[in-house]
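Residue numbers (our numbering), protein chains in the order written: chain S, 1 to 427; chain H, 1 to 427.
Be aware that a few hints might be false.
[Unchecked claim] Here are the in silico distance ranges between beta carbons for each label pair:
hint: 1; chain 1: S; residue 1: L39; chain 2: H; residue 2: K303; range: 42 to 48 Å
hint: 2; chain 1: S; residue 1: A88; chain 2: H; residue 2: D388; range: 32 to 38 Å
hint: 3; chain 1: H; residue 1: R212; chain 2: S; residue 2: K303; range: 55 to 61 Å
hint: 4; chain 1: S; residue 1: K375; chain 2: H; residue 2: A308; range: 43 to 49 Å
hint: 5; chain 1: H; residue 1: Q24; chain 2: S; residue 2: M23; range: 40 to 46 Å
hint: 6; chain 1: S; residue 1: L39; chain 2: H; residue 2: D388; range: 43 to 49 Å
hint: 7; chain 1: H; residue 1: M23; chain 2: S; residue 2: M23; range: 35 to 41 Å
hint: 8; chain 1: H; residue 1: A308; chain 2: S; residue 2: Q92; range: 49 to 55 Å
hint: 9; chain 1: S; residue 1: P390; chain 2: H; residue 2: V61; range: 46 to 52 Å
hint: 10; chain 1: S; residue 1: R369; chain 2: H; residue 2: E175; range: 58 to 64 Å
hint: 11; chain 1: S; residue 1: R215; chain 2: H; residue 2: E175; range: 24 to 30 Å
For the record, the hints were derived by calculation from the structure and aren't laboratory data. Backbone N, C-alpha and C define an ideal beta-carbon position, used for all residues, glycine too.
Below, each chain spelled out in residue letters.
2 protein chains.
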Amino acid sequence: MHPVLRLSEHAQRSADQAIGFLMQQAVENADCISLAAGLVDEQSLPVEAAREAVAELLSDVAAGRKILQYGITPGPEPLRRVFRSYLADLEQHPDGLKDLPLSQLMLTTGSQQLLSLVSQALFNPGDICLVAAPTYFVFIGVLQAAGARIIPVHADDNGMCPEALEKTLQQLETEGQLHRVRLVYVVSYFENPSGISVSVERRPKLLEITQRYSRSNRILLLEDAAYRELIYDGEPAPSIWSFDKTRETVILAQTFSKSFSPGIRVGFGVLPQQLVKAVSDLKGNEDFGSAHLNQHIVARVLKNGVYARHVETVRNSYRQKRDAMLAAAEREFADVPGVSWVRASGGMYVWMKLPDHVETGFSSELFRRATQVDKVMYVPGELAYPMDWPQRPRCEMRLSFGVQSVEGIEEGIRRLARAVKAVMGIG
Amino acid sequence: MHPVLRLSEHAQRSADQAIGFLMQQAVENADCISLAAGLVDEQSLPVEAAREAVAELLSDVAAGRKILQYGITPGPEPLRRVFRSYLADLEQHPDGLKDLPLSQLMLTTGSQQLLSLVSQALFNPGDICLVAAPTYFVFIGVLQAAGARIIPVHADDNGMCPEALEKTLQQLETEGQLHRVRLVYVVSYFENPSGISVSVERRPKLLEITQRYSRSNRILLLEDAAYRELIYDGEPAPSIWSFDKTRETVILAQTFSKSFSPGIRVGFGVLPQQLVKAVSDLKGNEDFGSAHLNQHIVARVLKNGVYARHVETVRNSYRQKRDAMLAAAEREFADVPGVSWVRASGGMYVWMKLPDHVETGFSSELFRRATQVDKVMYVPGELAYPMDWPQRPRCEMRLSFGVQSVEGIEEGIRRLARAVKAVMGIG
Numbered sequence: 001m002h003p004v005l006r007l008s009e010h011a012q013r014s015a016d017q018a019i020g021f022l023m024q025q026a027v028e029n030a031d032c033i034s035l036a037a038g039l040v041d042e043q044s045l046p047v048e049a050a051r052e053a054v055a056e057l058l059s060d061v062a063a064g065r066k067i068l069q070y071g072i073t074p075g076p077e078p079l080r081r082v083f084r085s086y087l088a089d090l091e092q093h094p095d096g097l098k099d100l101p102l103s104q105l106m107l108t109t110g111s112q113q114l115l116s117l118v119s120q121a122l123f124n125p126g127d128i129c130l131v132a133a134p135t136y137f138v139f140i141g142v143l144q145a146a147g148a149r150i151i152p153v154h155a156d157d158n159g160m161c162p163e164a165l166e167k168t169l170q171q172l173e174t175e176g177q178l179h180r181v182r183l184v185y186v187v188s189y190f191e192n193p194s195g196i197s198v199s200v201e202r203r204p205k206l207l208e209i210t211q212r213y214s215r216s217n218r219i220l221l222l223e224d225a226a227y228r229e230l231i232y233d234g235e236p237a238p239s240i241w242s243f244d245k246t247r248e249t250v251i252l253a254q255t256f257s258k259s260f261s262p263g264i265r266v267g268f269g270v271l272p273q274q275l276v277k278a279v280s281d282l283k284g285n286e287d288f289g290s291a292h293l294n295q296h297i298v299a300r301v302l303k304n305g306v307y308a309r310h311v312e313t314v315r316n317s318y319r320q321k322r323d324a325m326l327a328a329a330e331r332e333f334a335d336v337p338g339v340s341w342v343r344a345s346g347g348m349y350v351w352m353k354l355p356d357h358v359e360t361g362f363s364s365e366l367f368r369r370a371t372q373v374d375k376v377m378y379v380p381g382e383l384a385y386p387m388d389w390p391q392r393p394r395c396e397m398r399l400s401f402g403v404q405s406v407e408g409i410e411e412g413i414r415r416l417a418r419a420v421k422a423v424m425g426i427g
Numbered sequence: 001m002h003p004v005l006r007l008s009e010h011a012q013r014s015a016d017q018a019i020g021f022l023m024q025q026a027v028e029n030a031d032c033i034s035l036a037a038g039l040v041d042e043q044s045l046p047v048e049a050a051r052e053a054v055a056e057l058l059s060d061v062a063a064g065r066k067i068l069q070y071g072i073t074p075g076p077e078p079l080r081r082v083f084r085s086y087l088a089d090l091e092q093h094p095d096g097l098k099d100l101p102l103s104q105l106m107l108t109t110g111s112q113q114l115l116s117l118v119s120q121a122l123f124n125p126g127d128i129c130l131v132a133a134p135t136y137f138v139f140i141g142v143l144q145a146a147g148a149r150i151i152p153v154h155a156d157d158n159g160m161c162p163e164a165l166e167k168t169l170q171q172l173e174t175e176g177q178l179h180r181v182r183l184v185y186v187v188s189y190f191e192n193p194s195g196i197s198v199s200v201e202r203r204p205k206l207l208e209i210t211q212r213y214s215r216s217n218r219i220l221l222l223e224d225a226a227y228r229e230l231i232y233d234g235e236p237a238p239s240i241w242s243f244d245k246t247r248e249t250v251i252l253a254q255t256f257s258k259s260f261s262p263g264i265r266v267g268f269g270v271l272p273q274q275l276v277k278a279v280s281d282l283k284g285n286e287d288f289g290s291a292h293l294n295q296h297i298v299a300r301v302l303k304n305g306v307y308a309r310h311v312e313t314v315r316n317s318y319r320q321k322r323d324a325m326l327a328a329a330e331r332e333f334a335d336v337p338g339v340s341w342v343r344a345s346g347g348m349y350v351w352m353k354l355p356d357h358v359e360t361g362f363s364s365e366l367f368r369r370a371t372q373v374d375k376v377m378y379v380p381g382e383l384a385y386p387m388d389w390p391q392r393p394r395c396e397m398r399l400s401f402g403v404q405s406v407e408g409i410e411e412g413i414r415r416l417a418r419a420v421k422a423v424m425g426i427g
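Build out the structure end to end from the sequences listed, making use of the hints.
As structure tokens, this is what we get:
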């Protein structure tokens, strides 16, 4: 018998998060059609592009050796220059964002590491983060681990509501808690889980409110643009970051995990100048630099145009799958009253609401029936709200069209409708 | 004028660390021969091996897609099986360590990430870590960021002294502080910076003492084996971990950054069963898995024998450079009284002691003279002790033979001797 192992408070707060439950369920329900997994479409993964990029990068021995050496904590400057040009293209910035100092760009292990580092840099236990309701559930876990107090802000079909954000901040000011607010977190494009984007009109408003309430201390806005390039209809919106002319408020998180390859695991962030050192110090302790080879792979495909062509292919593939899921939902749920879903214009998810009384959680009758009888799995919507938030809706589902084929999506939605009807006593 | 940006206590504790000063000095003294940089020998980097591994891994499109997909937080099980076999070979374990559950292996972004995760998992501010004096200075920074109290333990030519470890623990027990001790940190092979290994006789003793003082709570022993395979003389020693029959005390950190490529950035840890979940939860928040492609690259070269051959080449190259540095030191410092150094049997560093009154720190006359006049740079030894430790020696230097050619090493030591003699008023 060994004496007890004491864990830090940070570790204790990191335990028992939604993602853990979800992955456990995925393992236990491996025989289901998964509309749950947030993986990318395997058919879309750029095997040839990656192989060729590495072959080229390592074709010259001297150049190759530099690539296999340590980089530096934020990633090498020449590569950050390439990433800045890429961002300038995304932002349709006329002069290539040359006025953005490279020191404000940091290459990370996916954008997830940036989210984690920013949280570590900002939150003492009890400090406040405002998030849309619903929001990205993995980030909820990160915030919980940091001991942050998470306050959901109402969102509708145009994303987080500026009025609701302002009201929440006013309320916190009234309560004398405004000085504890560190961050507003917004997934601005085709949010995971809701599929909703913040409308163009609201983007500068969310920024302006955040800045206006930066009184005793600065409140930052973390814009998570993970799904930005997975756009299937309409024109791309400018980022919230692009409205931040002094670049002192918005942290922009970008990743190539969705648009290129999660197995290569490269993301980057644009940071307010005053946050650079803190995030870099933290990253220095964590890994003193993400894998250098991988940063070169992404820079290579960005430069030679392979990336742009690949994204176009990916978009076409996901667009078909999104269409298939929406059409299947129309078909299969036509006769189910009180069901609605978001017609996502991008991303990987369809967010579906059932009537209030139909609970979707892991311990619900629907989840049991879906996974045990009809053999289909989804992500319960309640995971996308802080667990201790009493008002959280219990009747929603995140349905991913990322992993399944068109046929798999159609069959998955058919099975899901069967389970919902059974639980609702229809048909 | 923007309102002040408030950083977390964690971020504040992460600031102003030795590594930051050192990198700044490296930039400012770019015209020097660097005996400071801890990079690996660029000539040794396995460009062809890496290129071929990727070409093979991505030659089949279906298999390649799985490699470019997300892995899982601790790394895929089949890969962990390969890493376990590799460890079994290192340990010369007769049955391939098949009794070690794969769940206890975790693949990380270099071993640095494991060190960081373990610290996050264990330390609340004020908790205690015992380290050898001197020790790996980047880990000192990690501990400071965690708010840990760092207590140096005397080490000699056979590594950390068991008697000194026991005395320190006794003292802490007397002070009622034993319950705050979480970890003993030991770089067991060719330590950075001292080049010293813990002798075979001391390995089980350090373990036994750690276990014996695990009274109110378990004390873990973190064995950092980063330089394990860079052995140039004698027989490899069994790890401290190998003596831990119940595998409940030692955390073993291994990396391929030194022996293969830091740009591929793959390391792994073996964790006591009860620590697995905490470290995995923390890593899930940080990145939900290091780059999957890179894990496959390393597994591939481990399996096909390329790695073993490469390590042999690396050893031969570093052995020559080590010999060159030791011979140059004999030559150049022969007429300098009171100078001694460690004849490292492995690793990348020679640890040199000057007479007590000859300070080596960044603000010392020697550092100024070496970098400004003689154009050679070293790492001041005092960085390898906690900054707030009053007894820390100020007259030591870490000299790396990793980066320079044999000629560069010889010229670097010649310049260094010139600077030392000038400061000591010799010749």
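Okay, the hints, checked on the actual structure:
{"no.": "1", "hint": "S:L39 <-> H:K303: 42 to 48 Å", "in the structure": "violated (26 Å)"}
{"no.": "2", "hint": "S:A88 <-> H:D388: 32 to 38 Å", "in the structure": "violated (46 Å)"}
{"no.": "3", "hint": "H:R212 <-> S:K303: 55 to 61 Å", "in the structure": "holds (59 Å)"}
{"no.": "4", "hint": "S:K375 <-> H:A308: 43 to 49 Å", "in the structure": "holds (46 Å)"}
{"no.": "5", "hint": "H:Q24 <-> S:M23: 40 to 46 Å", "in the structure": "holds (42 Å)"}
{"no.": "6", "hint": "S:L39 <-> H:D388: 43 to 49 Å", "in the structure": "holds (47 Å)"}
{"no.": "7", "hint": "H:M23 <-> S:M23: 35 to 41 Å", "in the structure": "holds (38 Å)"}
{"no.": "8", "hint": "H:A308 <-> S:Q92: 49 to 55 Å", "in the structure": "holds (51 Å)"}
{"no.": "9", "hint": "S:P390 <-> H:V61: 46 to 52 Å", "in the structure": "holds (50 Å)"}
{"no.": "10", "hint": "S:R369 <-> H:E175: 58 to 64 Å", "in the structure": "holds (60 Å)"}
{"no.": "11", "hint": "S:R215 <-> H:E175: 24 to 30 Å", "in the structure": "violated (45 Å)"}
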